[in-house]
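Asker: Construct all of the structure, not just a fragment, from the sequences and the given hints.
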Amino acid sequence: MSDKLAGAQVANAEQTIQPVDYSADPFWGYVSKHKFAEFSLCTMERNPDTNEPYFSYDTSQPTIRAFLTDGDINFESQWQTPFENSNPELKMPMMMAALQTGQAVASGGVVGTAFGGLLGDTAAGLLTKAFKPIAEFAKSVEGKTNLNKVNTTQVFLSTASVHLNLSVFFIALKDARAEVENKLMHLQSWSLPAQLSQGTVLTDLVDQGVDGLFSGLIPPYITVTTHGKTYIPFILQSVSAPIVAPIDKEGNRLSLTVNLSLISRTAWDAQDVRNLYAVK
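Each step along the sequence shown adds one to the number in the numbering used here, with nothing skipped, and position 95 is 101.
Any given hint might turn out to be false.
Distance condition first, Cα-Cα at most 20 Å in a straight line; then the derived SDA-like pairs of lysine to any residue [said to hold, decoys possible]:
#1 LYS41 to LEU193
#2 LYS41 to ASP76
#3 LYS155 to THR87
#4 LYS180 to GLU82
#5 LYS180 to PRO252
#6 LYS286 to ALA276
#7 LYS235 to ASP278
#8 LYS41 to PRO252
#9 LYS235 to ASN80
#10 LYS39 to HIS233
#11 LYS235 to THR75
#12 LYS41 to LYS155
#13 LYS235 to ALA276
#14 LYS41 to ASN265
#15 LYS180 to TRP34
#16 LYS39 to THR87
#17 LYS39 to PHE175
#18 LYS39 to ASP278
#19 LYS41 to ALA276
#20 LYS41 to THR231
#21 LYS39 to LEU74
#22 LYS235 to SER173
#23 LYS180 to MET191
#24 LYS155 to PHE89
#25 LYS235 to PHE81
#26 LYS41 to ASP278
#27 LYS255 to ASN188
Since the hints were made in silico from the structure, they are not lab data.
Answerer: Pasting the structure below:
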């Protein structure tokens, strides 16, 4: 009964062709390739003439395909206004605030009256005469600011790596081990160092010499292809997948939504974006 229900369809629908390829990618070739995200390893090599790095696919490792259900890409550059820290309002905040709000004039009048009462009329006259230019200046700047386009000019600092956040979906039709578990295993392993030493730096130095200083191997570089665009080289930062999910009799998960976070190996420039869109 369950097999019949699985193949049931509405009367006016065209006959559905069920996938017959029960490999790790049963839908590949039956569903548009643009519905998939493809993950492969890539290796860095250097041009013997220029010593410039270039990346090529690592064909010794499998290509992992999954349905792409959600995703976004983030480009970010950092800018700063370094002149704002030289703004007098930050260095002398109370005085500048008193001048802009007119409080300086009111305070000056109170102080002049108080000292005049203590020192007598002659001293009060001299104090008032001396304070007059300051009071006039304080009145002239009330309601004004020294903020200008120069001390608010944004200065470029740096560009962050490109961030890819993807949600992919795995589902098993015939073999949950091959169609779900093994794919997830590869993605998880690609997010971690390929090798870490069991010893300390000191013991590695004794055993391996200078090579013992760098006895581990970093995580591999990843290439991601989806919607006709290839992102290369990227680093798989995190892989998040539920442990509890529908399972088969062997405990293999039957379907999974996996969240992936990737970053580009280096920051990009405008030409890298044009290369992504195949524009010179």
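Asker: The structure should be examined with respect to each hint, and the outcome stated for every one.
Answerer: Hints and how they fare:
1. LYS41 to LEU193: 19 Å, holds
2. LYS41 to ASP76: 11 Å, holds
3. LYS155 to THR87: Distance of about 10 Å is within 20 Å: holds.
4. LYS180 to GLU82: With Cα atoms ~43 Å apart, LYS180 and GLU82 exceed 20 Å; violated.
5. LYS180 to PRO252: 14 Å, holds
6. LYS286 to ALA276: 11 Å, holds
7. LYS235 to ASP278: 12 Å, holds
8. LYS41 to PRO252: 23 Å, violated
9. LYS235 to ASN80: 15 Å, holds
10. LYS39 to HIS233: Roughly 8 Å separates the two Cα atoms, so the pair holds.
11. LYS235 to THR75: Since the Cα atoms of LYS235 and THR75 sit roughly 16 Å apart, the hinted pair holds (cutoff 20 Å).
12. LYS41 to LYS155: This hinted pair is violated, its Cα atoms lying about 48 Å apart.
13. LYS235 to ALA276: Given that 20 Å is the threshold and the Cα spacing comes to 16 Å, the pair holds.
14. LYS41 to ASN265: 16 Å, holds
15. LYS180 to TRP34: 14 Å, holds
16. LYS39 to THR87: The given pair, whose Cα atoms are some 46 Å apart, is violated under the 20 Å limit.
17. LYS39 to PHE175: Judged against 20 Å, a Cα distance of about 14 Å means the pair holds.
18. LYS39 to ASP278: 24 Å, violated
19. LYS41 to ALA276: Status violated; Cα separation ~27 Å.
20. LYS41 to THR231: 11 Å, holds
21. LYS39 to LEU74: With a Cα-Cα distance of about 10 Å, the restraint between LYS39 and LEU74 holds, given a limit of 20 Å.
22. LYS235 to SER173: Since the Cα atoms of LYS235 and SER173 sit roughly 17 Å apart, the hinted pair holds (cutoff 20 Å).
23. LYS180 to MET191: It holds: about 18 Å lies between the C-alpha atoms, which stays within 20 Å.
24. LYS155 to PHE89: 10 Å, holds
25. LYS235 to PHE81: 16 Å, holds
26. LYS41 to ASP278: Measuring from Cα to Cα gives roughly 24 Å; hence the hint is violated.
27. LYS255 to ASN188: 17 Å, holds
Hints 4, 8, 12, 16, 18, 19 and 26 from the earlier list are contradicted by this structure; the remaining hints agree with it.
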